[in-house]
Amino acid sequence: MTTRAVVKGIGHYLPERIVPNSEFEAKLDTSDEWIKARSGIERRHFVAEGQTTSDLATRAARAALADAGMQADDLDAIILATSTADLTFPAAATMVQANLGMTRGFAFDVQAVCAGFVFALANANGMILSGQAKRVMVIGAETFSRLMDWSDRSTSVLFGDGAGALILEAQEGSGDNTDRGILSSDLNSDGRHRDLLYVDGGVSTHSTGYLRMQGREVFRHAVEKLAQTAHAALDKVGLTGGDVAWIVPHQANLRIITATAQRMQVPMDRVVVTVQDHGNTSAASIPLALSVGRDRGQIKQGDLIVTEAIGGGLAWGAVVLRW
0 MTTRAVVKGI GHYLPERIVP NSEFEAKLDT SDEWIKARSG IERRHFVAEG
50 QTTSDLATRA ARAALADAGM QADDLDAIIL ATSTADLTFP AAATMVQANL
100 GMTRGFAFDV QAVCAGFVFA LANANGMILS GQAKRVMVIG AETFSRLMDW
150 SDRSTSVLFG DGAGALILEA QEGSGDNTDR GILSSDLNSD GRHRDLLYVD
200 GGVSTHSTGY LRMQGREVFR HAVEKLAQTA HAALDKVGLT GGDVAWIVPH
250 QANLRIITAT AQRMQVPMDR VVVTVQDHGN TSAASIPLAL SVGRDRGQIK
300 QGDLIVTEAI GGGLAWGAVV LRW
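The sequence shown: position 220 = 219 (numbering that gives the first Met the number 0), numbered continuously.
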């Protein structure tokens, strides 16, 4: 028998404010048609004044606990993937822990930008396989609207805010690729490409900074690396794109999602797409898409799922799991 990290519950939260593409037309040299043609995005959600990343994460966490029929103290750990934590420290995950009334276990943040949720899933899987934890909540939450340069039409129209959370629980499997739970992961980074996507500020530079991106180069790397990492994760467990029920990709850009699916030889009717409604929510985009896909009735128990993402660093990776 083999221990597997199996999904027991999932949930998400989106801020109340919905921002359609038309809202940018009065401020920037752009249009709804221009944004949709280049990204597939039609609208996104922005946090309210005073609303923080840990607020969003807490709401998603409560939804996941309710879905799993669990209480906060049933968890051993919380891992929160975010690049927009409330404070420099402590970790936003500890704020979620307190908000939930969780009085045991441990909580920490993971920062791998848009790839953060994939990295957090892999970390949670390792903890469960090693016996460090039996139940781990993995959250992706972001308030990227706080990092935007509103004079830059190439970036400010792309991002949104939100959170998604899922709970993994240790269960016994047979040890082959028919098991439920996380079957494999593939993680990568290459710091030589950090100038392609970054924030031009931080604690040691005494500034907050704004998001900067070389969109054309990021697109080129994304299409190549996302297909590679997905195939690598599938190869580890003797599976191919033909075995996949759903690709649940990082929701950055519809053209990237489409091109990656083509390289994997998976038709678009087997890809969960939410980018039109959420924009790019960075580390929150995969758990948001998983939760929405489940709620739509797309994702069902037993489905083989590939999640893949790329973000600043560059950092990229994939996780193969059976729902």
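Treat the hints with caution; some may be incorrect.
[As the list claims (entries may be wrong)] In silico lysine-lysine, DSBU-like type, Cα no more than 30 Å apart, as pairs:
hint : residue 1 : residue 2
1    : Lys299    : Lys7
2    : Lys235    : Lys133
3    : Lys299    : Lys133
4    : Lys235    : Lys26
5    : Lys133    : Lys7
Hints were generated in silico from the structure; no laboratory data involved.
Structure-based check of each hint:
1. Restraint check for Lys299 and Lys7: the C-alpha separation of about 13 Å stays at or below 30 Å, so the hint holds.
2. Only pairs whose Cα atoms come within 30 Å are accepted, and Lys235 paired with Lys133 is accepted, the gap being roughly 24 Å.
3. At roughly 23 Å between alpha-carbon atoms, Lys299 and Lys133 fall within 30 Å of each other, so this suggested pair holds.
4. Straight-line distance between C-alpha atoms of Lys235 and Lys26 comes to about 48 Å, which puts the hinted pair past the 30 Å bound.
5. Between Lys133 and Lys7 the alpha-carbon distance is near 12 Å, which keeps this suggested pair within the 30 Å criterion.
Checked against the numbered hints above, the structure violates only hint 4.
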